[in-house]
Amino acid sequence: MEFGFAIAIGGLYAAGFYMMLRRNIVKFILGLSLLGHGANLLIFTAAGLTRANAPLTAGGSGTVMADPVPQALILTAIVIGFGVTAYMLVLGGRVSQLSQADDVDALRESERGAE
Amino acid sequence: MLSLSVGIIFITGLAAPYLLPRLGRAAPWLFSLIPLGILAGLLTHIIGSVSTFPWVESLGLTILFRAEGLSYLFAVLITGIGAVVTLYSGGYFHGDSRAGRWFCFLFLFMGSMLGLVLSDNVFSLFVFWELTSITSFLLIGFDHHRPEARAAALQSLLVTAGGGLSLLAGLVLLALITHTTDLGAMVAAEIPNDSPLLPWVAALILIGAATKSAQIPFQFWLPNAMTAPTPASAFLHSSTMVKAGVFLLFRLQPLFESISWWGPALMLVGGLTALTGAWMAVRQHVLKPLLAWSTVSSLGLMVMLIGAGTPEALFAAAVFILAHALYKAALFLVAGILDHETGERDIRRLGGLRQDMPITAITATLSGLSMAGIPLTAGFVAKESMYETLLHAPAYGWMLLVCAVLAGASFAAVAWSVSVKPFHGSRLPTDRHAHDPGSTMFFGPLMLSGLGIAAGTVPSLLLEPHAAASAPTAHHVPHLAAWHGFNLPLLLSAITLALGGVVIWLRHRKAAGDTSSALNKLGTERLYYRAMDLLDRFSTRTANTVQHGLLRIYLFSVLLGAMAILWPLVYRHAAPLDNLITSWAASGAAETRWHEWALLLTMIMAIGATVHARTRLGAVTALGVVGYVIAVIFVLYGAPDLAMTQFVIETLTVILIALSFSHLPPFRDLSPLWVRARDLLFAVTGGVVMTVLTLVALNARKHESVAAYYMENSYNLAHGKNVVNVILVDFRGIDTLGEITVLAIAALGAFALLRTLPGRKRGETP
Amino acid sequence: MMHLLPVYPVAGLILWAAVSITLHRYPLAQMAVTALALLSAWAVSLILLYTATFSGPIVLLVGNWPAPFGITFVADRLSGLMTVTALTVSLCVWLYAAFSTAREATGQGFYPAMLAMIGGVCGAFLTGDLFNLYVWFEVLLMGSFVLIALGGGRKQLEGALKYVSVNLVSSALFLAGAGILYGALGTLNMADLAVKMHLQGMPMLSSAVAALFLCAFGIKAALFPFFFWLPAAYHTPPAAVNALFGALMTKVGVVAMIRVFTLIFNHETEVTHTLLLILAGVTIAVGALGAYGQWEIRRIFSFSIIGQIGYIIMGLALNTPLALAGALFFMIHNMIVKTALLLTGGIAGKLMGTEDIRRCGGLYVGRPLLAYAYLLCALSLAGVPPLSGFFGKLALIRAGFDAGAWAVTAVAVAASFLSLGYGMKVWMYAFWGPLPAGIPDTAPGMRSPSVESSARGMIWAVAALIGLMLLLSVGAGPLMRFCLATAEGLLDPREYLQAVLGQGGGALK
Amino acid sequence: MNSVILRTGTVYLRPLLLIFSVFLLLGGHNQPGGGFTGGLVAGLAFVLEALAFGLDQARRTLRVHPLTLVGCGLLLSAMSAFFSTLLGKPFMTGTWWVWHVPGWGELAVGTPFFFDLGVYFDVLGVTCLIIFSLLNAGEAEGKT
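Chains as they are written, first to last, in numbering that gives the first Met the number 0: chain A, 0 to 114; chain B, 0 to 765; chain C, 0 to 508; chain D, 0 to 143.
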């Protein structure tokens, strides 16, 4: 299964990279999202996959449980990622509104004047 | 005491703008008492000869002052001429509102210069070396409202500071070779002759010294720097700053003797500089450039003598340094008086001023005699000793002699132009009513030129002791006398004077051509401008190439860089990867259940759909599917908390995207096919890197982890059965504190961004 | 007291940020709260530095959980020094902001974002846990994202977008690296990681993961080829924000890099450190050239940050005590001087109405104090002795030649010529030069009374920074000794490991 | 968004979501859930309301400014983290009050709970603030 996951992670990263290199601002932000998914899945996989029970200690000592640490890390990362993506969406929306364009290449105003 | 002396000069400088208006007319006199006092202290040896002050010892940077030998000679020169220039400045800037600033810069410069020559630690020497560059920059650009003053200041700064960096590199290397930063110890240190670094050190230091002392090919900045107010020119360009390079070469000469090219290089550079300076000097008509080019020539002679390298040559150089300082400072000051009182700088329009300005005329004549090298002057003694030395020089003697004679001839011509031409002949009309200046201005130059004559009359008293002390090996020092009888050097002197006369006659006959074109003929200045221009264009192009403004190209470069760094390192481990893959393909594939395959397939299809989507809604939906699949994976692998969070967040994200981009048109294909192909290729490569990295990481899995501790103690110690939640709020609770801060600030930012909409009043709350 | 102090500059600032968010209707109260927060954190950081210097690293086990399990906060010499510097600079920026941006940006989250950002910076310096470091990075990034876009028009938001985007890539890489490290070594505590790395290592992985971190931190530190976000965005926000960024943002990346590469990834130095050295050399050259090619004051000095980051990374890459000490000294100096310069640029821009030096002039006559302030800072930045920039440069050059890194050291020396060049370029045009003809009254601020009074207030912030710079120059000896001790501690981290993990950790190294 | 289904659904869904969110919050320490998911679910309830009945209605239901909610949530979390230092224990040490409730077992309330409560309010506030701001901006744009 890990092998399949490794491919999926590669796919997520590849799609993320590709989308981030697009000129459309929405695609670009979706790309960032994909990249985040890739990173989360990478942590999840790298720490070891087990089809085990959720890490709830009520089940007694005998049961095999999934590693809770990567779960906690990913949860933190997901939430942070959500905050950042939300901000990024608002920012992207404002920029495209101000620049009257959905084309990332049009955003060159701030770097004019160095001629 | 030495540190204190330097310190006092600096403090006076900083306090000058404050003190000046409060001291009134007495200020220049009082100010000049400070260098004078230090001079007296040095001469009477009341001020001790060594003084240390620790600064950054861990780098070998100690302020170590030692007033011995050459340092002592220079210290005497700097304080003496400094006192004169200070007094003179009082008259020159009388009533000028910028006088306070002037005295500040002047004293800072004086202190730096004094610190430079007294330093016996290479890094402390460098500190003061750079300080002189900076302070002279401020002095040269003092009249910053004039474009040529600004340009000259910048030029002098860039040339000398650029050379300074070369010097720094050289000194650091030297410290590396000799294992000391003490100048005295360095010179005495045993350096293996075959040290491969030593020639580099010599070259680097030579560049540093050549820039400072205006040697070819860096000679151009000095005449340009004549836009400085005259007191600065007199101080910087006659006696102090430009001699710093000479000073350094003088001190380090013993270190580099073993390098075969060292002496010849110095002689070549010095000789060429001497000739160039001489040639340029006789073509000038304006007072200060005239003196400036002759200074260049003199500096060349000094470097040439150091290159000759014998003790006699070094001694002759020291005598020449003294004599030159005395007459050149006085002449610069005289030039300043002429400029100040008549408003005229071109000697062709000056004449017959001796009736109106008798004291100035006397001062000029005395110094002029010394410069021309007429017997009974310091200049004569210096010239005699130079000729004497060169006659006995071991190598290239006659060539050097020719240089010296030609330079001497030009000095004679210059002396005539500055000290005879303006004062004799018919009185030419001037803009202002010419008269002798106030005592502050004439006192100093008169003293200096008088001293020049006195030194020439009794050289054994006034010149010999100082010069002798400076020669590194004082075992055999030629005796200096006002008159050595009729000998070969005297004949050479006569020839020199005769040649000088010829030059004067020629100059008198024919009004020389345009001086500016002559300036340009030398080429190296053009080279400087071309280099600066090239730098300008190259840097602008770099800036524009690097910062083109296209975000996706930035991202492409960043990712490309990251992958270029990652790939080889991941690849190094890829060798046993075949095994990994085959073993997983065998065992992993069998283990994998059908719904897992289905999930993976769904995810990959959803990823593809996200990339390929034609509409925004399609892309967002596909992305949502990716998120939900990941959530299902979390459920399957024992992470219900994650799954729940992922579900809710995915939903929210979809709502957010729908809300924030409602105003945009549908997707268009903006990039041409080849760009998409390139990006796709790159993205796939990147994905492969991450896949391989994951596989390698899986292979390097841990055997034990901190998780066991959490499992064990979650309920007993932290009262919670859900270990993930306990980690989040307790074991690693501070992560969560940071995380909710991120959320809070993100929301705040989004709120602030959306509040200031175009067409809406600011400050309305949603 | 040590139960709280090492975490106070982080958690305290967040607490105050929360207070100031709650006070979102009262801008003046927000300003006061910020001052209170920064001052208290500053005082705490001084205590931390003092204690760390004289009685070794202070370790706080957050939540009272033992070392590799809970999160530790470690105030050693490095983190103490960096925290003190960061907070000192922040206080000066606060002073400046109180006179300039306050009226424009309060009520829009300026102060909470600033507090969060500074808190995140301190967290990144003080934490002893790798994933926690990621969290603080995100906190400071989020704060900076908000600050850089606050109240902005089109230009500023475009810059902000670029800034945000590239930095998010860094976060993704960092996350991947942290995940892989946990997977391989089963721990996230940096000291524990160091020990485990030493004992069992990651046979196939360590340099690849090191490279992952190199890229992640390299983006934040604006190293070549990751720096593009910096010149694209830094000059767009108000000067106070620009100065805060210039002082803190890149340095956090550098400090993280120093920490990680001296503590954890110090085994395959021939790969990682050589790579760092090459990148440092190119960064120095491109940074200096790029800065020389600009024409606006804050653009010049924003671009030049890149070059100076190169110097610091060069020190790290050389991996000797002297080099690291030089890098640290250089960094402290740079944080102070760069802030002062960016603020000076802001004042000049306010006075002249433009920051394009070709359209400026006459500031030397009109504003002598500002001019001298600028001159001192620009010279110090160029490493002209006896000002503070010289000592770090000298140490780095010595260390570079000592290590035989001829090419990089030569580049470093040559680039400092360029830094003098661009410093003087500004001086020539904006200060010494006359107001260019044909520009109708470019200097509205020279006469406007409101700009007048705020400029006077703002110059106090610059004056404080210059005072610090001079202090750094005069006291270079003790500070360099301190940096050397810090560097030795970094290269031989026994003390750190022992402090965090107890005897068991110390015995291993 | 003026669909009747949405409105009718929201009327029933909203209280359910809120109760569910509280359940997630309270149970989070022992079962899947916690402050985050709780806060997000609660936030979703208000988002639904705003979508169905309009922004003003949602604002009225929420009563306080979302930003205040964000600030207070963060403040509560931070203060509960600081609490233990008042007792002379390291920062963020869990302080627990344990009661034995007859017929139910042990009831433990500690600072981590208040910390989680802070998270709940923070996340709730954040969700509402962002969505409300976006909706508000959309409305403003629609008007102009």
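These are calculated hints, taken from the structure and not from any lab test.
Where hints are given, some of them may not hold.
[Stated by the list, open to error] Covered stretches of chain C (in silico footprint by chain A; criterion: 3 or more residues with CB under 8 angstroms from a CB of chain A, positions within the stretch not fixed):
hint	region
1	148-154
2	177-190
3	211-225
4	422-430
[To be verified] Far from chain C, by Cβ distances over 12 angstroms, these chain D residues were calculated:
hint	residue
5	GLY8
6	ILE18
7	ARG58
8	LEU74
9	PRO101
10	TRP103
11	PRO111
12	ASP121
Glycine included, C-beta positions come from ideal geometry on N, C-alpha and C.
Status of each hint after checking the structure:
no.: 1; hint: 148-154; verdict: holds (count 4)
no.: 2; hint: 177-190; verdict: holds (count 7)
no.: 3; hint: 211-225; verdict: violated (count 0)
no.: 4; hint: 422-430; verdict: violated (count 0)
no.: 5; hint: GLY8; verdict: holds (33 angstroms)
no.: 6; hint: ILE18; verdict: holds (27 angstroms)
no.: 7; hint: ARG58; verdict: holds (16 angstroms)
no.: 8; hint: LEU74; verdict: violated (4 angstroms)
no.: 9; hint: PRO101; verdict: holds (31 angstroms)
no.: 10; hint: TRP103; verdict: holds (27 angstroms)
no.: 11; hint: PRO111; verdict: violated (9 angstroms)
no.: 12; hint: ASP121; verdict: violated (9 angstroms)
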